[in-house]
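From first to last, the protein sequence lines are chains A and B. FYI, the working numbering numbers position 81 of the first sequence as 1366, with every residue one higher than the one before it. FYI, the working numbering numbers position 80 of the second sequence as 84, with every residue one higher than the one before it.
List time: in silico BS3-like cross-link candidates among lysine-lysine, alpha-carbon distance up to 27 Å:
#: 1; chain 1: A; residue 1: 1347; chain 2: B; residue 2: 111
#: 2; chain 1: A; residue 1: 1363; chain 2: B; residue 2: 111
#: 3; chain 1: A; residue 1: 1300; chain 2: A; residue 2: 1368
#: 4; chain 1: A; residue 1: 1329; chain 2: B; residue 2: 111
#: 5; chain 1: A; residue 1: 1368; chain 2: B; residue 2: 111
#: 6; chain 1: B; residue 1: 75; chain 2: A; residue 2: 1329
For the record, the hints were derived by calculation from the structure and aren't laboratory data. In this text, all values refer to a predicted model and were calculated from it rather than measured experimentally.
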Amino acid sequence: EAGVAQSPRYKIIEKRQSVAFWCNPISGHATLYWYQQILGQGPKLLIQFQNNGVVDDSQLPKDRFSAERLKGVDSTLKIQPAKLEDSAVYLCASSFISSPLHFGNGTRLTVT
Amino acid sequence: DQQVKQNSPSLSVQEGRISILNCDYTNSMFDYFLWYKKYPAEGPTFLISISSIKDKNEDGRFTVFLNKSAKHLSLHIVPSQPGDSAVYFCAAKESYGGSQGNLIFGKGTKLSVKP
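Bound-form chain A, shown alone (with noise of 0.2 Å):
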């Protein structure tokens, strides 16, 4: 089965730009999630899909990060401004049911 595909792999921007990433799920998995990590950290949650309403969202940055699911299918995250803390690699993962989580390779942000 084809992976979770996510794009671009690296951004480069500056701060106070805004930048958005987007996430495709594995074909039938009604679950998609956004995880945050940040160098030496392990992945945070940051925002939870079940179709395209969201289940949870209570790490989320509200007032710069922000997200959608159109169709319950494809996903975007966006961060409108950035700061030099939100360099991290976003992760996108989907899931069946009560699976385990399958994570995209992500994409690497560098805020400058």
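Since the structure of chain A is provided, determine the placement of chain B on it from the hints.
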């Protein structure tokens, strides 16, 4: 406050020997635990899991042990192979089954298996 702790940032093991990766947790409500493996420039991949009703789960060369009283789990890899060299993340959640999105990850342990 870290709820899942992996106190060893790195571990080096000779090929063919046993690798033991440790993980401690503080939240007594955690009842499902997972190990993920991550190669550079790739996303984490699921390796093995254990629920709190068990104290051991085995899958080929990989065995996870859970000691609930000590709030400690460990991953044993026997025998270790050079291809096992990766970062291993311990993760935990409060409810078995259903969505696993509310996983809490440790910081990871980088395993190096020397030929």
